[in-house]
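J.: Next come the chains, spelled out residue by residue.
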Amino acid sequence: MFRRLQTKLTVLYAGLFALALSLVAVSVYLTIANNAQQQVRRELTATGTVFDSVWALRTQRLRDGADLLARDFGFRAAVATRDAPTVESAVTNLRQRMGLDLAFLVGVDGDVVGVDPAKVDIDKLWSALDHEERAQGVFIVDGAPYQLISAPVMSPNLTGWIVFGARLDDREMTALERLSAIRLDAQVFDRRGETWVTTDKTADTGALGAVVATAMRQATAEPARLRTATGDSLVLVKRLMTLDGQTPAALVLRYPMALALAPYQPLMAAVIIAGLIGAALVVAASWALSRDIARPITALEAAARRLRHGEAAHVDVRSSDEIGRLSDSFNLMAAEIREREVRITELALRDAETGLPNHLAMEREIEARMARLAPGQQVVVAALGLDRFTVLRSAIGYALFTQLVREIGARIQVLDPEAVVGRLTTSTLCVISRLTALTDEVVPVVERALVDLAAPVRLGNELVDVHMSNGLAAAEAGSLDAPRLIEQAMIALDQARACGRKVAIFDPVAYGDPAGNLSLMSEMLQGVATGALFLHHQPKLDLRTGAITGVEALVRWNHPARGLLRPDLFVGMAEETGHIRALTDCVIDRAILDQRALRDLGHDLTISINISGRLIDDAEFADRAIEKIAASGARFCFEITETAVIGNPDVALGVLAKLNAAGIPVSIDDYGSGLSSLAYLKQINADELKIDKAFVLSLENDAKDALLVKSTIDLAHSLGLKVTAEGVESREALAMLQMMGCDLAQGYHIAKPMALEALVAFLGEQRLAETSAPAKARRRAR
Amino acid sequence: MKIAPILFAVAMLAGSAQAADLTVAVRGPDGKPIPDAVVTVYPNGQPTKGPIKFDWPYRVAQQNIQFTPFVLIVPAGAEVSFPNLDKVRHHVYSFSAGNKFELKLYGHEESRKVRLPAVGVAAIGCNIHDQMVGFIKVVDTAYAAKSDANGVAVIHDLPDGPVVAKVWHPYLRAPKNEKTLAVAAVRGAARETATIELRPGGR
Numbered sequence: 052m053f054r055r056l057q058t059k060l061t062v063l064y065a066g067l068f069a070l071a072l073s074l075v076a077v078s079v080y081l082t083i084a085n086n087a088q089q090q091v092r093r094e095l096t097a098t099g100t101v102f103d104s105v106w107a108l109r110t111q112r113l114r115d116g117a118d119l120l121a122r123d124f125g126f127r128a129a130v131a132t133r134d135a136p137t138v139e140s141a142v143t144n145l146r147q148r149m150g151l152d153l154a155f156l157v158g159v160d161g162d163v164v165g166v167d168p169a170k171v172d173i174d175k176l177w178s179a180l181d182h183e184e185r186a187q188g189v190f191i192v193d194g195a196p197y198q199l200i201s202a203p204v205m206s207p208n209l210t211g212w213i214v215f216g217a218r219l220d221d222r223e224m225t226a227l228e229r230l231s232a233i234r235l236d237a238q239v240f241d242r243r244g245e246t247w248v249t250t251d252k253t254a255d256t257g258a259l260g261a262v263v264a265t266a267m268r269q270a271t272a273e274p275a276r277l278r279t280a281t282g283d284s285l286v287l288v289k290r291l292m293t294l295d296g297q298t299p300a301a302l303v304l305r306y307p308m309a310l311a312l313a314p315y316q317p318l319m320a321a322v323i324i325a326g327l328i329g330a331a332l333v334v335a336a337s338w339a340l341s342r343d344i345a346r347p348i349t350a351l352e353a354a355a356r357r358l359r360h361g362e363a364a365h366v367d368v369r370s371s372d373e374i375g376r377l378s379d380s381f382n383l384m385a386a387e388i389r390e391r392e393v394r395i396t397e398l399a400l401r402d403a404e405t406g407l408p409n410h411l412a413m414e415r416e417i418e419a420r421m422a423r424l425a426p427g428q429q430v431v432v433a434a435l436g437l438d439r440f441t442v443l444r445s446a447i448g449y450a451l452f453t454q455l456v457r458e459i460g461a462r463i464q465v466l467d468p469e470a471v472v473g474r475l476t477t478s479t480l481c482v483i484s485r486l487t488a489l490t491d492e493v494v495p496v497v498e499r500a501l502v503d504l505a506a507p508v509r510l511g512n513e514l515v516d517v518h519m520s521n522g523l524a525a526a527e528a529g530s531l532d533a534p535r536l537i538e539q540a541m542i543a544l545d546q547a548r549a550c551g552r553k554v555a556i557f558d559p560v561a562y563g564d565p566a567g568n569l570s571l572m573s574e575m576l577q578g579v580a581t582g583a584l585f586l587h588h589q590p591k592l593d594l595r596t597g598a599i600t601g602v603e604a605l606v607r608w609n610h611p612a613r614g615l616l617r618p619d620l621f622v623g624m625a626e627e628t629g630h631i632r633a634l635t636d637c638v639i640d641r642a643i644l645d646q647r648a649l650r651d652l653g654h655d656l657t658i659s660i661n662i663s664g665r666l667i668d669d670a671e672f673a674d675r676a677i678e679k680i681a682a683s684g685a686r687f688c689f690e691i692t693e694t695a696v697i698g699n700p701d702v703a704l705g706v707l708a709k710l711n712a713a714g715i716p717v718s719i720d721d722y723g724s725g726l727s728s729l730a731y732l733k734q735i736n737a738d739e740l741k742i743d744k745a746f747v748l749s750l751e752n753d754a755k756d757a758l759l760v761k762s763t764i765d766l767a768h769s770l771g772l773k774v775t776a777e778g779v780e781s782r783e784a785l786a787m788l789q790m791m792g793c794d795l796a797q798g799y800h801i802a803k804p805m806a807l808e809a810l811v812a813f814l815g816e817q818r819l820a821e822t823s824a825p826a827k828a829r830r831r832a833r
Numbered sequence: 013m014k015i016a017p018i019l020f021a022v023a024m025l026a027g028s029a030q031a032a033d034l035t036v037a038v039r040g041p042d043g044k045p046i047p048d049a050v051v052t053v054y055p056n057g058q059p060t061k062g063p064i065k066f067d068w069p070y071r072v073a074q075q076n077i078q079f080t081p082f083v084l085i086v087p088a089g090a091e092v093s094f095p096n097l098d099k100v101r102h103h104v105y106s107f108s109a110g111n112k113f114e115l116k117l118y119g120h121e122e123s124r125k126v127r128l129p130a131v132g133v134a135a136i137g138c139n140i141h142d143q144m145v146g147f148i149k150v151v152d153t154a155y156a157a158k159s160d161a162n163g164v165a166v167i168h169d170l171p172d173g174p175v176v177a178k179v180w181h182p183y184l185r186a187p188k189n190e191k192t193l194a195v196a197a198v199r200g201a202a203r204e205t206a207t208i209e210l211r212p213g214g215r
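Chains as they are written, first to last, in this note's numbering: chain E, 52 to 833; chain P, 13 to 215.
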């Protein structure tokens with residue numbers, strides 16, 4: 052009903068008070084009205100009694116006068132002798148002396164002296180007088196009621212009646228009213244026929260007449276209540292004795308209740324005014340009180356809402372009651388919640404080990420900066436990776452490694468105090484620099500900074516060398532979200548490492564569109580079906596015969612939208628997404644076709660096919676490939692990396708044995724780049740060993756590498772393996788390999804990977820050269 | 013008006029002069045005897061010619077502050093004495109027409125005499141004592157009598173013939189306090205009953 056506690060309380064209190072007040076006022080009014088009525092009743096009754104006395108007194112006075120006159124000898128003589136003038140003068144004299152309204156003589160014979168016979172109903176008067184000795188009562192003379200008293204004139208027998216009259220007029224009534232303690236209204240009613248009339252007419256005479264009629268009929272002596280438009284009044288009807296007993300008359304005493312209540316009006320007004328003042332005070336007080344109660348509650352409610360929205364919520368209530376304690380508890384709770392929240396936020400945004408901002412914190416920082424960027428500006432993010440961290444961590448232990456990361460973070464901070472440094476992964480730090488644009492000029496700057504950063508770090512008593520690579524990425528506001536920007540920096544770091552550089556800017560082309568990875572795969576599968584995937588072949592030169600005896604098949608994809616795609620853009624993805632089997636199947640199918648085409652042209656070449664490590668332990672794949680190759684009569688060599696076997700050695704070695712049994716030679720690719728080489732050499736039943744180009748590229752300049760290559764070739768030969776050297780890019784390297792007894796060479800110095808047509812042309816040239824000296828052949832191959 | 017045929021009848025019967033008593037019993041409507049009623053008879057409806065003499069004293073004494081007798085019958089012109097037998101003084105008066113008199117204060121054992129010339133009633137009172145009321149019926153016929161305590165009035169020696177008989181009482185409820193009796197003629201002794209109504213309270 053009421054949404055506010057304060058209103059509710061105020062209305063409740065004020066309502067209760069008003070109710071109580073109304074009850075008091077009503078009971079006071081009722082008591083007063085009752086008292087007033089009682090008082091008026093008593094007063095009316097008393098006045099009635101007084102009136103009786105007054106009436107009796109006056110009657111007595113009149114009677115005394117009449118008696119006196121009636122016994123006056125002279126008067127009697129005058130009456131008896133019918134001396135009318137004397138009688139009239141005597142009557143007039145006495146009337147004036149006694150202040151009477153009326154005085155006259157009625158003879159026994161009906162003669163009237165002293166009043167106009169026309170004004171009096173003589174017959175009625177005579178019979179009334181005759182009927183009762185000393186008759187008295189109300190009688191109508193000239194239309195007005197008079198109180199008449201009579202006295203017989205005896206001389207000595209009855210000769211007539213002397214009659215005195217007092218008019219019951221307003222003056223008389225006023226005199227009577229004055230006798231009363233209360234201001235009542237006295238009237239005389241007499242009956243004319245069936246109605247009761249009075250000379251003193253007012254608006255409610257009719258209603259009053261009805262009351263009189265009722266009272267006279269019932270002969271009640273109690274005051275009656277009269278309700279009229281002019282207000283309530285109490286009416287006492289006193290029966291008046293009439294002269295003839297035929298025309299009843301009544302004295303009506305009337306008292307308006309309003310007059311009775313008038314003395315109490317100040318009291319009532321005082322009660323009402325006191326009540327209103329009290330009500331106002333109660334409203335004000337309860338408003339104030341409820342405000343005192345409601346305000347802290349309102350404040351608490353508002354604070355709770357703020358707390359819910361994660362804002363600061365403090366309630367300032369200084370009272371020692373429950374609400375005060377509640378507020379204190381609330382404040383305490385709010386503070387604790389805030390504290391906990393801060394701690395949680397801190398935990399959520401801090402790297403627990405180093406105390407540096409974590410991935411999430413960096414994202415937030417990037418978002419914050421993006422929000423502040425001016426148009427055209429960029430947020431530049433660097434991913435700083437510790438190279439070979441696993442080795443490093445194993446070497447120095449986790450604790451020191453963490454310390455190392457912290458130290459490098461501190462160094463970055465020293466170099467660029469405005470930069471924000473956070474930890475992305477165990478070995479990767481993230482730096483959000485103050486730069487607002489990323490250009491190629493930045494790279495040398497960063498490279499120089501890296502040199503400073505890479506100074507040996509003293510951890511405890513040891514100096515630790517650190518090597519770091521750096522990936523840079525930048526984005527304008529709205530172009531990238533923070534996680535993607537960090538991701539790009541990380542990718543750039545990978546790209547830097549991949550190409551052996553210290554610093555690299557994110558290369559979107561090299562990376563491709565990661566968002567399209569899945570669609571790329573479905574497109575790849577389409578390409579498999581439509582022939583958009585095809586093979587390039589890199590010839591392998593037999594160093595003993597100087598002839599091209601084989602090629603390594605390398606898959607290429609002519610993407611309908613992106614053009615020619617290098618295998619590193621989709622092969623790794625195919626491995627990750629499980630599409631490598633379909634891809635490899637496609638490559639095998641292509642190679643079968645290409646080999647057949649070459650054979651048809653008279654070139655019988657072994658085609659080496661790279662088999663992903665993911666497929667080595669796939670027995671089903673191996674079975675099908677073997678079946679396919681057997682059916683087509685193709686001559687293939689499967690190149691696998693030494694690390695491929697590590698995943699599931701038992702299955703992998705079984706597969707390799709199967710391949711061997713099917714007469715498919717296996718070549719160990721990228722030999723020397725992995726670990727545990729020798730152990731696996733022993734286990735893997737291979738036919739060929741391909742020395743990693745890392746060794747071959749520096750063959751001419753590095754004596755150690757030359758030694759390694761030489762000993763590897765010897766090792767392989769002693770194990771019965773042919774040796775192919777990859778990455779042969781110079782004539783010198785080729786010569787050295789030839790001298791070292793290497794069997795086969797592959798590289799740009801001999802031939803780049805090329806399409807089938809180019810290969811056919813190349814092979815045609817090569818065949819012509821075979822007829823001449825090997826030296827000549829070597830020259831042409833360059 | 014009703015008198016005329018009665019007078020005519022009385023005139024028709026005149027001449028036969030047999031004498032007899034007429035006894036009239038005066039009763040109230042309740043049958044109780046009424047004393048002090050005066051019965052007057054007019055043979056042939058005529059007043060008596062010549063002097064009239066009744067056999068009772070023409071005297072109204074004042075005794076015990078009362079007039080005694082209460083009612084006295086006298087012939088017109090008779091002299092009535094008013095002896096005062098009380099120890100107090102009295103002031104006897106009459107305002108009656110024709111018989112007006114006033115006997116101013118007179119004491120014990122004193123007596124006054126008043127001649128009452130007019131036929132009618134002399135209502136007498138005492139100006140000192142209101143309760144003293146008496147009546148003197150002044151008649152012009154010899155045939156008049158007052159009813160005794162038994163309400164009986166006897167008129168002696170009434171000649172036969174038509175008569176006009178009346179009864180009078182000071183309080184008789186009728187004009188002039190008089191009522192004519194129903195008897196129209198007398199032949200020998202006769203008894204009549206007169207029923208009259210008196211005003212209450214003796215007014």
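Hints are computed from structural coordinates only; laboratory data are not their basis. Be careful, since some hints might not be right.
Among chain P residues calculated to face chain E with C-beta under 10 Å, some are [stated by the list, open to error]:
| hint | residue |
| --- | --- |
| 1 | 107 |
| 2 | 108 |
| 3 | 114 |
| 4 | 145 |
| 5 | 147 |
| 6 | 187 |
Owing to the predicted nature of the structure, the values given are computational and were not obtained by experimental measurement. Cβ coordinates follow ideal geometry from the N, Cα and C atoms, glycine included.
J.: Against which earlier hints does the structure fall short, listed by number upward?
T.: none
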